[in-house]
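K.L.:
Each chain, written out:
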Amino acid sequence: MKLILKISVLMLLLTPAFGQANKIKARVSVLYSKIMNQESFIRIEAKYKSENGIEPATQVEFRVYQRIAEDSLLHLGTIATNHSGIAKFPLANHKDSTTSLSGNFSFVVKIENDPKFSDAETELTISDANLVARLETVDSTNQITATLTDASGQPVAGQSLRVQLQRMFGPLSIGEESYETDENGTITVPIEEPMPGINGVLTFEVVLNESDEYGTVKAIIDAPIGLPVGDHSNFDKRTMWSPPSKTPYYLLIFPNLIILGVWVPILMLIINLFRISRAKTDL
Amino acid sequence: MNTAYEKMINDLAPKQFSWKGNIWVAFLVLVILAGMYSYVQQLKSGLVITGMRDYALWGIYISNFVFFVAVSLVGSLITAILRLSGVHWSTPLTRIAEIIAVAAIIMAGITIIIDMGRPDRMLNLFLHGRLQSPIIWDVIVISTYLVLSILFLYYPLLPDFTILSKYFNKNTRSTKWYRVLSLNWTGNEKQSKIYSRSIKALSVLIIPVAFAIHTVTAWLFETTYRPGWDSTNFGPYFVAGAFVAGSSAVIVVMYVLRKSYNLEDYITDHHFDLMGKILVMLSLLYLYFNINEYLMPIYKSTEEEATHLRSLFTGEYAWLFWVVIIGGLVLPVIIMLFRGGRKPLPLFIVSLAVMACAWWKRYLIVIPTLSHPFLPIEGVPESWRHYSPTWMEWAITAATLASALLIITLLVRFLPIIPIYETAEERGLLEAQSVNKSL
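Here the protein sequences line up with chains L and R, keeping their order. As numbered in our numbering, residues 1 to 283 make up the first sequence, in order. As numbered in our numbering, residues 1 to 439 make up the second sequence, in order.
Just chain L, with the same shape it has in the complex (with noise of 0.2 angstroms):
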């Protein structure tokens, strides 16, 4: 479960380099996401303009730094984008080296030397931000509460987060669209509709989306407090559409069954061929 800011820096690098007249130009964008206590990563988009239209750039290979000075790139790593023209690229311990004074970090995303694609570079600028939801219970009504906060822990006020349940198919919007913080970096969101969970935990998401400063950042709670639902999912059972070795059993009996019913009394005819040809004689 990620959540994705889109900082939407589309770069159409004309790098003035020898050999790249010929290449095509990506449009890239790259986006930041950080899951309290789970993961941050960027995710690249690659696309480039064909004769059919936009099309995804696959297989084009990024290199990921970050900035530590004004003039100075560490290399972090080297990415590759899928089918889809899609990279997402895991950030480790990055706050250690790159956080500055006022918390803010920048990452670099150059394309170079592609074959097909001419050199690209986006520069991507963040500041870090930390999101913690809790659930709580005020007068029997449940709510959740969550608080903003940057890189100093000072509340982040006037920023709209979202509340919202995970779904099978996606996530339910809680309330309204959006709640905005206080002066205490501080929203609080009743939860007032009983609904269904799977062993009765309900998995809430509070969410700062694709914001131009934090990027994106989500918390995510579990909370006990939904209507219990049994897993009645028959994945892994034997049914009509499971794969050959979870066959219903009296689809394995009864063919068998009668397979054998058959089969053996032919492989008695063919036998009966050898003892008509052995018997040449009464004897």
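Keep in mind that the hints were calculated from the coordinates and are not lab data. There could be a bad hint or two in this list.
Claimed, not checked - Looking from chain L toward chain R, a few residues come up when the C-beta cut is under 8 angstroms (computed):
1. P243
2. L251
3. P255
4. L257
5. V264
6. I266
7. R275
8. I276
9. S277
We treat Cβ as the ideally placed atom computed from N, Cα and C, and that holds for glycine.
Fit chain R to the supplied structure of chain L, relying on the hints for placement.
P.N.:
This is chain R only, laid out in the frame that chain L set:
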């Protein structure tokens, strides 16, 4: 010297092709070569060379397959059912029925492979087949019926092979082959006992398997929720239709062979008369199933069924539908009800019409249903809405039909068309010849 016995062997022993026979084989080989050329194109380019697309995903290959399965059923009818019923008049026809059954079931199996987009993956059917799938039931039942049909053809040939090995004593190659294939048959008591028991067991065993083969083929359609296929009637409906197709095939082949090999003493007008009566009975039975199959759905006229049936009764397929029903069932029944209609030549012509209509009937079962899915056809090219077989598809299909005829022709060339031993036994010629002792 038993001259009647020797004359009979002389009449029934396999004979070399005349010039007509050679031209017939050459013609069949040419048709097969044209089909093979088209199939090579299909292997290279895939099923895109056919008229099949997303909606009509089964075409004439599958209707042809169903036809072959139907025709193969005849072996059990003529041979097993009549044999178990103690009917002896059918003896001269049993070999013909068995040969047709073997040829048809071989070609049914091959036609299914032809319909596969990736025949190189056929082994996966056996390696990863799921017993839940009707396709696997079909694979199992077709291979079982093929083995049974071959056994059912082979067993009654054992005494005949011994007879032929002596008959062809001047031709060393034929003699050698017939002797090997006779499995040392001398007709002694022990061999006769095993032989009789085996034939009886085969007769009993082949009937349920023959019914299963066509019932399972019907289930391939019936298990798919489609207008026109969603019927609990489909198994017996298919079996009844198979008996009609198979019996007409026997009549056609027996007429041609009687003419070609001058077998009027063995395949008499009486045989045609009786086969005509059987075909009338089977056609009426099939007509009854057809009425059930169409009357109730049109009475209820749910939207999808009504659309499907309108296309058959008055729409796109109407001319074909009525030709098949009237020309392939109603008129033949009326003609065959008269004694004159059961004479060899009229019955041959009627049976040809029944067979041709039986083939097109399978086309009408497969194609119109696929052209009328429950969900509307949208967002596809116009050509995908209608199925029209390509010439390559026709060439491949014609080649499979020619292959079946070639198998029949070659078996007729090397096997006695009429069981010599059984005919001699029924005519009381064995006692005089002491065949059981020395053949």
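K.L.:
Indicate, hint by hint, whether the structure satisfies it.
P.N.:
Evaluation of the provided hints:
| no. | hint | in the structure |
| --- | --- | --- |
| 1 | P243 | holds, 7 angstroms |
| 2 | L251 | holds, 5 angstroms |
| 3 | P255 | holds, 6 angstroms |
| 4 | L257 | violated, 12 angstroms |
| 5 | V264 | violated, 10 angstroms |
| 6 | I266 | holds, 6 angstroms |
| 7 | R275 | holds, 5 angstroms |
| 8 | I276 | holds, 5 angstroms |
| 9 | S277 | holds, 4 angstroms |
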